[in-house]
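S.K.: Please build the complex by placing chain C on the supplied structure of chain R, with the hints as guidance.
There are 2 protein chains.
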Amino acid sequence: MIKIIVDCFGGDHSPEANVDGAIASLGKFEDLHLILSGDEAIIRRCLEGKQWDASRVEILHAPQVIGCDEKPTDVIRLKRDSSMIKAIRLLRDDDSVAAMVSTGSTGALVAGALTRIGRLQGVIRPAFCPILPAMNGGIVGICDSGANVEVTPDHLRQFAIMASLYMENVYGVSRPRVALLNVGKEAEKGDELRQTAYKLLQETSEINFVGNMESRDLLSGSYDVVVCDGFSGNVLIKSTEGAALELLKKLKKDIYSRFIYKVGAALMSRMFKEEKEFMNYQNYGGSVLLGTSKVVVKGHGSSKAVAVEKCIEQAYRMQVSALSAKIEEVICKYEHYEQ
Amino acid sequence: MIKIIVDCFGGDHSPEANVDGAIASLGKFEDLHLILSGDEAIIRRCLEGKQWDASRVEILHAPQVIGCDEKPTDVIRLKRDSSMIKAIRLLRDDDSVAAMVSTGSTGALVAGALTRIGRLQGVIRPAFCPILPAMNGGIVGICDSGANVEVTPDHLRQFAIMASLYMENVYGVSRPRVALLNVGKEAEKGDELRQTAYKLLQETSEINFVGNMESRDLLSGSYDVVVCDGFSGNVLIKSTEGAALELLKKLKKDIYSRFIYKVGAALMSRMFKEEKEFMNYQNYGGSVLLGTSKVVVKGHGSSKAVAVEKCIEQAYRMQVSALSAKIEEVICKYEHYEQ
Numbered sequence: 001m002i003k004i005i006v007d008c009f010g011g012d013h014s015p016e017a018n019v020d021g022a023i024a025s026l027g028k029f030e031d032l033h034l035i036l037s038g039d040e041a042i043i044r045r046c047l048e049g050k051q052w053d054a055s056r057v058e059i060l061h062a063p064q065v066i067g068c069d070e071k072p073t074d075v076i077r078l079k080r081d082s083s084m085i086k087a088i089r090l091l092r093d094d095d096s097v098a099a100m101v102s103t104g105s106t107g108a109l110v111a112g113a114l115t116r117i118g119r120l121q122g123v124i125r126p127a128f129c130p131i132l133p134a135m136n137g138g139i140v141g142i143c144d145s146g147a148n149v150e151v152t153p154d155h156l157r158q159f160a161i162m163a164s165l166y167m168e169n170v171y172g173v174s175r176p177r178v179a180l181l182n183v184g185k186e187a188e189k190g191d192e193l194r195q196t197a198y199k200l201l202q203e204t205s206e207i208n209f210v211g212n213m214e215s216r217d218l219l220s221g222s223y224d225v226v227v228c229d230g231f232s233g234n235v236l237i238k239s240t241e242g243a244a245l246e247l248l249k250k251l252k253k254d255i256y257s258r259f260i261y262k263v264g265a266a267l268m269s270r271m272f273k274e275e276k277e278f279m280n281y282q283n284y285g286g287s288v289l290l291g292t293s294k295v296v297v298k299g300h301g302s303s304k305a306v307a308v309e310k311c312i313e314q315a316y317r318m319q320v321s322a323l324s325a326k327i328e329e330v331i332c333k334y335e336h337y338e339q
Numbered sequence: 340m341i342k343i344i345v346d347c348f349g350g351d352h353s354p355e356a357n358v359d360g361a362i363a364s365l366g367k368f369e370d371l372h373l374i375l376s377g378d379e380a381i382i383r384r385c386l387e388g389k390q391w392d393a394s395r396v397e398i399l400h401a402p403q404v405i406g407c408d409e410k411p412t413d414v415i416r417l418k419r420d421s422s423m424i425k426a427i428r429l430l431r432d433d434d435s436v437a438a439m440v441s442t443g444s445t446g447a448l449v450a451g452a453l454t455r456i457g458r459l460q461g462v463i464r465p466a467f468c469p470i471l472p473a474m475n476g477g478i479v480g481i482c483d484s485g486a487n488v489e490v491t492p493d494h495l496r497q498f499a500i501m502a503s504l505y506m507e508n509v510y511g512v513s514r515p516r517v518a519l520l521n522v523g524k525e526a527e528k529g530d531e532l533r534q535t536a537y538k539l540l541q542e543t544s545e546i547n548f549v550g551n552m553e554s555r556d557l558l559s560g561s562y563d564v565v566v567c568d569g570f571s572g573n574v575l576i577k578s579t580e581g582a583a584l585e586l587l588k589k590l591k592k593d594i595y596s597r598f599i600y601k602v603g604a605a606l607m608s609r610m611f612k613e614e615k616e617f618m619n620y621q622n623y624g625g626s627v628l629l630g631t632s633k634v635v636v637k638g639h640g641s642s643k644a645v646a647v648e649k650c651i652e653q654a655y656r657m658q659v660s661a662l663s664a665k666i667e668e669v670i671c672k673y674e675h676y677e678q
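Those sequence lines, one after another, are chains R and C.
Taken in order, the first sequence gives residues 1 to 339; the numbers are from the working numbering.
Taken in order, the second sequence gives residues 340 to 678; the numbers are from the working numbering.
Just so you know, the hints here were simulated from the structure itself, not pulled from any lab data.
Beta carbons are placed, not taken as given, at the ideal position from N, Cα and C, and that holds for glycine.
No false leads were slipped in.
In the DSSO-like style, the derived pairs of lysine-lysine whose C-alpha atoms are separated by at most 27 Å in a straight line are:
| hint | chain 1 | residue 1 | chain 2 | residue 2 |
| --- | --- | --- | --- | --- |
| 1 | R | K276 | C | K588 |
| 2 | R | K276 | C | K589 |
| 3 | R | K276 | C | K591 |
| 4 | R | K238 | C | K588 |
| 5 | C | K591 | R | K238 |
| 6 | C | K588 | R | K262 |
| 7 | C | K615 | C | K643 |
| 8 | C | K591 | R | K252 |
| 9 | C | K577 | R | K253 |
| 10 | C | K615 | R | K262 |
| 11 | R | K238 | C | K538 |
| 12 | C | K588 | R | K249 |
| 13 | C | K601 | R | K262 |
| 14 | R | K273 | C | K615 |
| 15 | C | K367 | C | K615 |
| 16 | R | K273 | C | K601 |
| 17 | R | K185 | C | K418 |
| 18 | C | K410 | R | K199 |
Facing chain R, according to a computed beta carbon distance under 10 Å, are these residues of chain C, among others:
| hint | residue |
| --- | --- |
| 19 | V488 |
| 20 | E525 |
| 21 | E553 |
| 22 | S554 |
| 23 | D568 |
| 24 | K577 |
| 25 | G581 |
| 26 | K589 |
| 27 | R597 |
| 28 | R609 |
With the rest of the complex left out, here is chain R:
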């Protein structure tokens, strides 16, 4: 039995999307049990009229609501009865619970996970690893994408190890090609951080380090994992998504500028729909937090049911693949975390 808590509040489409996604995921895995966290009466209303296996769903009543502008530290301190903080506490305290999924405040989730749940043995800094679709049909993981704005070469090596094991164990990518995000391909490019990290990554025999990557090649399909500090990782992923979406938006607008284009576009409507689906991050799940002692998956704030379902699937696969133990095994060869 794999038990996962779903924080049902905090996203743009919560609680309906979160509850719907949760129910859908039950159909995928027979041994999956869910704990839905949030205001019980509201969650029960969302469940009304739906088919679901009551023996595999519990509700964790958490009536408090987190406001949009609340500081992460205030949330942890003052919102102990909110759906997110109660979920984090249960995840920490109950050995039978494996993971949690949330679409709420990223800052509060990271702060709560780090202070309440803690890290795997040897891990210095947990890091986010979202997934983007590569243009050749594959996927690429970006680690870190925002949990750590400032990092050291040692952190970058750990991100590489964790993300490589994640892609291998959860997505079945064999010997993931790991690249370091840099301003040029040559080994001596970038600042001291990148130059030292390059050497450390080269020395790490457990990963398949293929050198520096320039950001223009992110979607090329030549890389499975990109390692970076959280600031530039955040820039990388948001500008890639932003450019693709802005371009699709412009195409759509331009199509309406001439009748003949509208005719052409009508013939291609299925293709455009497929492109939009292909770029839709809802289909690629959430951003997993690698390196915490229990599995935490952060769904996008705008997650719909399908995205929540994907997040639960990610959490499930991380747990059944025993990813955490594998991470500890490799990390401990290189860094012994000093308590």
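M.R.: The following block gives chain C in isolation, referenced to the frame of chain R:
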């Protein structure tokens, strides 16, 4: 008379594209004089059979060739007779020469410009400011995009001042909206560097600071200048270009997957051509180096004649608008460079 040196070697399409672009630019500005730097015999061959005003063109014979993998410091020291280094020396020594344009090695150009040409009064670090098209038809300047991998809040303020004056004086953007690249919009987002820079930018009355920008909004048309360290600026610009180009490539490939798409695409061919032109950086000139005591414009290594022509136009407009004096005037209010 505005005299500009064009380094005719070092780009993928040099010397032909550089010579052709140079000749084309002569037709645009009557008072433009050019010095073509490079192997004289080869340049003369490129000029053969073309129409050009000989009274406005000189050749600076520079026979030495710079290899692809040469270190910038070696180039400066050992390739004194190369087209780039001779151009830099002439720019430094001849008061009548206003600017230079090069499509050669970025590292060598930056190193040469900094050590040989020097900075404007008060400028701590010159920075690159390339231009991208915004999806609303406007443009956006990104400063720095790679000259300074590590920066301080003071540097970021200077980048903001220089880029804002550049957009105003060279592109006629009135009160350019200046944003700080960050991981979120709120003032307290990011590391100490970003938080301090935010405050400095707010205090700087000569610029129209509009707050933090997330990278996904780069092309939205809501910003005229984006200020960032050279590392994340490089990531920003290359991932934006990369995503747009990869997506267009994927569309093209998918079009060929079904007959009906091919018919649709045929009806839309003019539109697709326009989109491609719109995204083609060749049309937006080069990356100007702001803050050097004479104007330096770096064209993309893959510049064709039209891009070289644009670079020369940028250099010309920087010179006639007296941008350097305006930068010094504002910069000196905030920072006095210590010799």
